[in-house]
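Student: Residue-level listing of the chains:
2 protein chains.
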Amino acid sequence: MTHRWKSVSCGCPPPTIDDNISDLQRLLRGIKKGCFDCVEPTYDHPQLLQGLPFALRESNWEVTVILLRGKRSEEPDRIIAVEPGDTTGQLYGLAVDIGTTTVGGLLMDLNSGKVLAESTAYNAQIAYGEDVISRMIYSQRPGGLKTLQEKVVYTINQIIEKVCREMIISPSDISYIMAAGNTVMSHLLLGIDPKYLREAPYVPTCSQFPLTRAADLGVLAHPSVRLFLYPSVASYVGGDIVSGVHACQMHKSPKVTLFIDIGTNGEIVVGNEDWMMCTACSAGPAFEGGGIQCGMRASSGAIENFHISPDTFEPMIITIGRTKPRGICGSGLISIVSELLEAGVIDQQGKFNRKISHHRIREGVSGYEYVLVWEKDTLVGHDIIITEVDIDNLNRAKGAMYAGYQTLLEAVGLTFDDLDRVILAGNFGAYIDLERAICIGLLPDVDRDKFYYIGNASLLGAQISLDDHKRFRERSMVSQLITNMELAENIEFMNHYMAALFLPHTDMSLFPSVQDKLPKGD
Amino acid sequence: MTHRWKSVSCGCPPPTIDDNISDLQRLLRGIKKGCFDCVEPTYDHPQLLQGLPFALRESNWEVTVILLRGKRSEEPDRIIAVEPGDTTGQLYGLAVDIGTTTVGGLLMDLNSGKVLAESTAYNAQIAYGEDVISRMIYSQRPGGLKTLQEKVVYTINQIIEKVCREMIISPSDISYIMAAGNTVMSHLLLGIDPKYLREAPYVPTCSQFPLTRAADLGVLAHPSVRLFLYPSVASYVGGDIVSGVHACQMHKSPKVTLFIDIGTNGEIVVGNEDWMMCTACSAGPAFEGGGIQCGMRASSGAIENFHISPDTFEPMIITIGRTKPRGICGSGLISIVSELLEAGVIDQQGKFNRKISHHRIREGVSGYEYVLVWEKDTLVGHDIIITEVDIDNLNRAKGAMYAGYQTLLEAVGLTFDDLDRVILAGNFGAYIDLERAICIGLLPDVDRDKFYYIGNASLLGAQISLDDHKRFRERSMVSQLITNMELAENIEFMNHYMAALFLPHTDMSLFPSVQDKLPKGD
Chain G
132 MTHRWKSVSC GCPPPTIDDN ISDLQRLLRG IKKGCFDCVE PTYDHPQLLQ GLPFALRESN
192 WEVTVILLRG KRSEEPDRII AVEPGDTTGQ LYGLAVDIGT TTVGGLLMDL NSGKVLAEST
252 AYNAQIAYGE DVISRMIYSQ RPGGLKTLQE KVVYTINQII EKVCREMIIS PSDISYIMAA
312 GNTVMSHLLL GIDPKYLREA PYVPTCSQFP LTRAADLGVL AHPSVRLFLY PSVASYVGGD
372 IVSGVHACQM HKSPKVTLFI DIGTNGEIVV GNEDWMMCTA CSAGPAFEGG GIQCGMRASS
432 GAIENFHISP DTFEPMIITI GRTKPRGICG SGLISIVSEL LEAGVIDQQG KFNRKISHHR
492 IREGVSGYEY VLVWEKDTLV GHDIIITEVD IDNLNRAKGA MYAGYQTLLE AVGLTFDDLD
552 RVILAGNFGA YIDLERAICI GLLPDVDRDK FYYIGNASLL GAQISLDDHK RFRERSMVSQ
612 LITNMELAEN IEFMNHYMAA LFLPHTDMSL FPSVQDKLPK GD
Chain A
132 MTHRWKSVSC GCPPPTIDDN ISDLQRLLRG IKKGCFDCVE PTYDHPQLLQ GLPFALRESN
192 WEVTVILLRG KRSEEPDRII AVEPGDTTGQ LYGLAVDIGT TTVGGLLMDL NSGKVLAEST
252 AYNAQIAYGE DVISRMIYSQ RPGGLKTLQE KVVYTINQII EKVCREMIIS PSDISYIMAA
312 GNTVMSHLLL GIDPKYLREA PYVPTCSQFP LTRAADLGVL AHPSVRLFLY PSVASYVGGD
372 IVSGVHACQM HKSPKVTLFI DIGTNGEIVV GNEDWMMCTA CSAGPAFEGG GIQCGMRASS
432 GAIENFHISP DTFEPMIITI GRTKPRGICG SGLISIVSEL LEAGVIDQQG KFNRKISHHR
492 IREGVSGYEY VLVWEKDTLV GHDIIITEVD IDNLNRAKGA MYAGYQTLLE AVGLTFDDLD
552 RVILAGNFGA YIDLERAICI GLLPDVDRDK FYYIGNASLL GAQISLDDHK RFRERSMVSQ
612 LITNMELAEN IEFMNHYMAA LFLPHTDMSL FPSVQDKLPK GD
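So the protein sequences, as listed, match chains G and A. Numbering-wise (our numbering), the first sequence opens with residue 132 and increments by one. Numbering-wise (our numbering), the second sequence opens with residue 132 and increments by one.
Certain hints may be false.
[Said to hold, decoys possible] If the Cβ cut is set under 10 Å, some of the chain A residues that face chain G in the computed set are:
1. T147
2. L155
3. L183
4. P335
5. T336
6. S440
7. T454
8. L612
9. M616
To be clear, the hints were calculated from the coordinates, so they are not data collected in a lab. Just so it is clear, CB atoms sit at the ideal spot from N, CA and C, and this is done for glycine as well.
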C-alpha cells in the first residue's frame with residue numbers, strides 16, 4: 132500500500148563558504164538523493180522557509196520532509212513541512228465529517244493506517260439554525276456568513292484539541308486533514324456565500340473544492356497543512372454522500388446498490404461499477420423530530436422505541452439514556468407509527484380508528500391524538516402525545532424518500548427487484564428498525580439480507596482516502612462518476628410521491644410482507 | 132508581444148435547474164470557449180470562490196478572468212481574479228524596487244506597457260538601521276524581524292496608495308506585483324530570518340523565492356494577487372542585481388559588459404551572452420556618506436559637487452537643493468578628493484601636502500583637514516571639513532570596488548581592455564562624475580564612450596518583466612546563468628585591494644589618462 136504522503140529523511144551536507152548554495156537548494160538536493168521517485172519538488176508558502184534554516188541547523192542538517200505527492204505523474208510533489216531530525220515514524224492525519232448537526236473526527240497514524248483517537252462534537256452552528264435551510268437564511272444576515280464559518284471551524288478545533296490531547300501530540304503534528312460535508316457545510320467552511328444554493332435554480336459556487344490551507348480558514352494546524360474537502364455532485368448531493376459512496380466502494384462492485392442517507396434532506400444513490408445516479412429529496416425535518424408536536428432530536432430522554440399491546444393498546448416505551456421521557460425522536464416516531472398501524476389504532480391513511488374507544492385516544496387541539504406518556508411520568512410539563520398531524524408529517528417524509536427511490540430506479544429502467552444491496556448510511560440509518568421502516572413504507576420491501584448498515588459513511592470515506600494513496604486519488608473520480616437527477620420539478624416524482632402518502636403505500640403489491648401484518652378490513 | 136497575463140471576457144450562459152453545473156464549472160467552460168490556448172485552468176484560493184457567484188450575476192454572466200499563465204506549457208494556467216463585466220481594458224501591474232534606503236514603484240498599464248505613475252519612499256526600516264548589516268542585527272532582537280517585515284510592507288503600501296490615488300484606481304485593481312531587492316531585503320519582506328546570512332558561511336535560506344500572495348504579507352492588494360520576487364544569486368548578490376542584469380539584457384549580448392552597482396555593498400557582474408560571473412565586495416559606507424566626519428546621505432544640503440582653484444586653493448561648492456551646506460554626500464566626497472588630488476593639495480596616498488600653508492588647511496583632532504565651509508556659511512553649528520581619515524575611508528571603499536573588478540576579470544582571463552561596455556547601475560551610479568571617479572580609481576580608466584548610466588536598473592528589470600511575457604520567463608533563467616565568486620577569503624582580492632589603496636592606484640599604468648592630470652613630482 133503506497134501512501135500519498137511520504138516522509139523523507141535527508142541528510143544534507145553542511146554548507147561551506149564556497150559552495151554558494153541556499154538552504155532550500157541544499158534541502159532539494161537531499162530530497163533528490165533520498166527519494167528517487169520524487170519529481171523536482173515545489174513549495175508555495177514563505178512559512179516553510181521561515182522555519183527552514185533553524186530546522187536544518189537544530190538537527191545538524193538531518194531533517195524529515197513531508198511531501199504531498201503530485202496528483203498526476205507530471206505534477207511536481209510539494210513540500211508541506213520540514214521537521215528537524217528523523218520524524219518518519221510520526222505521521223498523522225485527521226479525517227473529519229462535517230455534519231449539519233454533528234462533526235466527527237478521527238486521528239490516524241498514516242504510517243500504520245491505525246485510528247488513534249476519535250471524537251465528535253455538536254456543530255456549533257446549531258445555535259443559528261437546526262438545518263441547512265435555516266443556516267443558509269442566517270448566512271444572509273450581516274456578519275452571518277462569517278459567524279457560521281467561525282463556528283464550524285471552532286467545532287473542528289474542539290475535535291483537534293481533543294484527539295491531540297488524547298495522543299499527547301500537538302495540533303501542528305497533524306500533516307493532512309481530509310474532510311467531507313454536504314454542499315452547504317462545505318460552502319460555509321470555506322466562507323463561500325450559499326445564497327444561490329437556496330434560490331432556484333440552486334447553483335453551488337463550486338463542486339470541486341480548492342486545496343486550501345487549513346490555517347487560512349482558522350483551523351488549528353501548521354500553516355503548511357492542507358485541508359482537503361470531498362467534492363460534491365450537486366447542490367443537495369454533497370461531499371458527505373460522495374465520501375459515503377467512496378467508503379462502500381460502490382463504484383467498483385458489479386452489484387446494483389441502493390445507497391440511502393435518510394434525513395431532512397434525503398440523499399439516494401443507485402448504481403454499480405458501470406454507472407451511478409443520485410438524487411436528493413426534501414423529506415422535511417420529521418426524521419429529526421422536527422415538525423412533530425412532541426418531537427425532539429435523538430438525545431437523552433427521547434423515546435426511541437415503542438411497543439403497543441395489541442389487546443390493551445397500552446404502550447411500552449424506551450428512551451435514550453433510559454431516563455423519563457422528554458419527547459419523540461425520529462426512530463421513535465417510526466416505531467410508534469408502525470406499531471399503531473399494525474395494532475389497527477391508525478389506518479393506512481394515518482387516521483385514528485374512530486371505532487376504538489380508549490382513554491389514551493382523544494381529540495386534541497389538532498385532531499385525534501394518542502397519549503404515549505402521561506404528564507406525571509415525563510420530564511416535561513405535559514403529556515407526550517402523537518397526533519394525526521405528526522403522522523401526516525412522517526407520511527410525507529417517508530413518501531418523499533420512497534418516491535425518490537422509485538423515480539431514480541425508473542429513470543435507469545430498474546425495479547426494486549433488481550437491487551443486490553441496500554446500504555443505509557448516516558446516523559439515522561444506524562438506529563433504524565428495518566421491519567418497522569419497511570412497515571411504514573420508508574424502506575423498500577426487499578429481502579432483509581440485502582440491507583447493510585454502514586454508519587457514518589462520510590467519515591469512513593474521509594478515513595480511507597487519508598489512509599490509502601490510491602483511494603485518495605479516486606476521491607475526485609467518484610464524484611465525476613455520479614450523475615445527478617433533479618426532482619424539484621419532476622412530474623414522475625410528484626406522481627410517485629402522491630401514491631406514497633399512504634402507510635406503507637397505495638400500491639400494496641410493493642409491500643407484500645407488510646400486507647400480512649396489517650389488520651384485515653374493518 | 133505576448134503577455135503572461137490575459138483577460139478573457141467569457142459570456143457564460145445562465146444556469147437552468149436541470150444542468151447541474153456549479154458556477155465554477157460554468158466559468159471554466161466559458162474560459163475554454165473564449166481562450167483556445169488555455170490549458171484547463173486551476174485556482175487555489177477560496178477567496179476567488181467567495182466573490183464568484185456575485186461577479187457572475189452582477190454582470191449578467193459576462194465576466195473578465197485574469198489568468199496567470201503556466202510557466203511551462205504543460206503547467207496549467209491559474210485564475211487570479213474574476214471581475215464583473217468586460218474589464219479587459221484595465222490591467223495594472225506594479226513594479227517595485229526594494230532598496231535598503233529607498234523603495235521605488237511604477238504602476239503600469241499591462242495592456243499598453245505604459246508607465247502610468249511612479250513613486251518612491253524611504254524604506255521605513257531605516258529607523259532600525261541604515262544598512263543591511265544593522266537591519267540584520269536588529270532582526271535578531273525580540274520582535275525585530277516582525278517589525279522590519281511590517282515596515283517594508285508599510286513602505287510598499289505607501290507607494291501603492293500614492294500611485295493608485297494618482298490614477299484614481301483601487302489597490303485591488305492591481306493584478307500583479309513584481310519586486311526586486313537584495314537578498315536581505317527579500318528575506319525580510321518574506322519574514323524569513325536573515326540570521327545565517329550574517330554568519331559565515333553566509334547562507335541564504337533561499338535564492339529562488341516562492342510565489343507569494345501579496346496580501347499574506349500585509350501588502351494592500353486583492354487576496355488573489357501574487358507578489359513575484361526576483362531570485363538572487365548569492366547572499367550578497369541579490370534580486371536587485373539579477374533584475375538589473377536582466378534590464379540591460381547582458382545575457383543576450385555578445386558584448387563583454389562590466390555591470391557595477393556601487394554602494395556599501397558593491398556588486399559587480401561581468402560577462403556576456405556566453406557566461407556571467409558576479410561578486411560582491413564590502414566597500415563600507417563611505418559612498419553613502421557613512422564613516423565620514425561631516426558625511427551625510429544625498430539629501431538637501433549635501434555638498435554634491437566641488438571645485439578648487441588651483442591657484443588660491445579656495446573652494447566652490449554646490450549643494451543638493453542649493454541650500455547652505457549641511458555636510459558631504461558620496462558624490463561630493465569623490466569630487467572633493469579628486470579635486471584636492473589634481474590640485475596637489477593631497478598626494479596619491481591621500482595625505483595633505485605639508486608644504487602648503489593655507490588658512491583652510493589645518494591640523495585637527497584626527498590629523499590634517501581642509502575646511503570646505505566655514506561655520507557661519509553652514510546650516511550646522513560647525514565648520515564642514517574633510518580629514519585625512521575621511522580620505523582614507525574613501526580610499527578603502529574605492530579600493531575594494533576596483534580590486535573586485537580586477538579579481539573578477541582575472542578569474543575569467545580578461546583585462547579591462549577586453550571590456551566592450553561598463554554599465555553603472557544604482558542611484559549612486561546615476562550621479563557619479565565619470566572623470567573624477569576614474570581620477571580617484573573608483574572606475575577603470577577605459578574609453579569614456581564605453582560607459583553607460585542605467586539608473587535604477589532593479590526597478591527597470593521589474594518593469595520589463597511585468598510588461599513582457601517572454602522576459603517574465605527569463606527572470607529565473609538570468610539568475611541561473613550567473614556564477615558567483617566569493618571574495619571574503621580570496622587571496623588575489625586581498626593583493627589587489629592593497630595595491631588599490633592609492634589614488635588612483637599604485638600601478639599607474641592602469642590609469643594612463645589620470646597620469647597626465649596629476650601634479651608632477653614634488
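Student: Each hint should be assessed against the structure and marked as holding or not.
Tutor: Cross-check of the supplied hints:
For T147/A, the interface hint holds, since its Cβ comes within 10 Å of a Cβ in chain G; the closest pair sits about 6 Å apart. For the restraint placing L155/A at the interface with chain G, the shortest Cβ-Cβ distance is roughly 4 Å, inside the 10 Å limit, so the hint holds. Satisfaction of the interface hint for L183/A is found here, the shortest Cβ-Cβ separation to chain G being roughly 5 Å, below the 10 Å cut-off. Taking 10 Å as the C-beta contact cut-off toward chain G, the hint placing P335/A at the interface holds, the least distance being around 5 Å.
Among the interface hints, the one on T336/A holds; its C-beta lies about 5 Å from the nearest C-beta in chain G, closer than the 10 Å criterion. A least Cβ separation of about 50 Å between S440/A and chain G goes past the 10 Å threshold, and the interface hint is therefore violated. Here the hint on T454/A is broken, as its CB sits about 43 Å from the closest CB of chain G, past 10 Å. Residue-level restraint check for L612/A is violated (minimum Cβ-Cβ distance to chain G is 14 Å; threshold 10 Å).
Interface hint status for M616/A: upheld, as the beta-carbon distance to the closest one in chain G is roughly 9 Å, under 10 Å.
Violated hints, in rising order: 6, 7 and 8; the structure is consistent with all others.
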